[in-house]
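If you're matching positions, the sequence shown starts at 1 in this note's numbering and goes up one per residue.
Because the hints were derived from the structure by calculation, they are not lab data.
Only a predicted model underlies this, so the values are computations on that prediction, with no experimental measurement involved.
Note that beta-carbon positions come from the ideal geometry of N, C-alpha and C, so glycine has one too.
It is possible that part of the hints are untrue.
Said to hold, decoys possible - Label-pair distances were calculated between CB atoms; the ranges are:
# : residue 1 : residue 2 : range
1 : D143      : P267      : 36 to 44 Å
2 : S186      : F124      : 40 to 48 Å
3 : N40       : T222      : 51 to 59 Å
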Amino acid sequence: MRILSPDDIDFSEYLRETDTQQKVRTADVWLDEIIESVANPKPKQVCTMPWHKTESTFNFRAGEVTVYAGQNGGGKSMITGQIALGLIKQDHKVCVMSFEMKPVRTLSRMLRQFSCENPEAPRFSNKVVYMTNLVNRFKKFSDQKLWLYDQQGTVSMQQVISVARYSAVQLGVTHIFIDSLMKCVSGEDDYNQQKHFVDELTSLARDHNVHVHLVHHIRKQTSDEIKPNKNDLKGSGSIADQVDNVFLIWRNKAKEHKILAGGQVDPTTPDCYLMCEKQRNGEAEDWYSFWYNKECQQFVENYGALPSPFDIEGDY
């Protein structure tokens with residue numbers, strides 16, 4: 001686990017791919033590559049989300065961009081944090097750029113998801129000992145596989161592109177999380193800048209063979225009990241057109257409102273849906289139902305299911 005600061009990076013060097021010789025090559029280079037791929041085929045690397053129910057219908061392909069969109073407080077950062085932990089467990093290198101939360105808060109949430117426990121629970125009488133042991137296990141789990149960019153508030157899209165390219169080129173990062181799009185483009189109605197930024201991200205993902213995970217927001221609905229669709233993404237309609245995958249995160253507000261009102265609910269009714277509204281290079285656009293485990297802030301795939309055991313040295 002490492003923290004990147006703006007002082008670590010020469011932004012001008014990584015703002016744009018400048019080595020033309022790397023781009024213009026004779027056809028022989030690719031023809032030889034085709035022969036090599038037939039003669040010595042590499043095993044297909046499957047990169048999945050941390051739930052069994054999604055494995056057969058969705059995986060993260062290198063060179064793509066995935067958007068996760070939802071309402072404010074809808075669980076976007078929570079679910080992408082869990083996905084990031086799943087990628088680290090699969091031995092991928094991850095960089096998290098959150099412009100809405102400080103690294104300490106991001107890591108505190110990831111520690112809770114990692115341990116499948118709430119550190120504030122009364123049963124942990126000696127919290128210093130507990131947290132020291134937990135942090136040491138997390139360091140071992142994330143060693144050389146997790147970087148966080150220390151920058152909050154609005155940031156220029158040129159700076160984001162530079163950090164992403166630096167992460168791919170210098171750190172070998174394969175998954176880049178950006179939270180969120182609206183923090184990278186000034187003005188919700190600046191559709192041209194939004195289009196340009198997402199276009200830059202798709203080019204970066206393709207050029208460096210990485211997967212970019214982009215958090216976004218949806219427009220305010222007439223009711224938060226209405227399920228949104230990809231046309232409800234805030235800003236330019238080209239966002240959904242340009243990226244490879246679009247997921248909408250929708251909390252079951254009707255269930256929540258009924259519980260708050262003291263009504264009876266069916267606990268087997270899902271708390272949340274992760275709705276795949278676009279998968280350019282896949283065969284399915286499924287809606288996945290989840291239940292929220294408040295203790296560890298994980299989304300589990302079945303009612304009553306245990307959370308994902310990222311902390312293999314923990315006590316379950």
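Sort out which numbered hints this structure fails and list those numbers smallest first.
none
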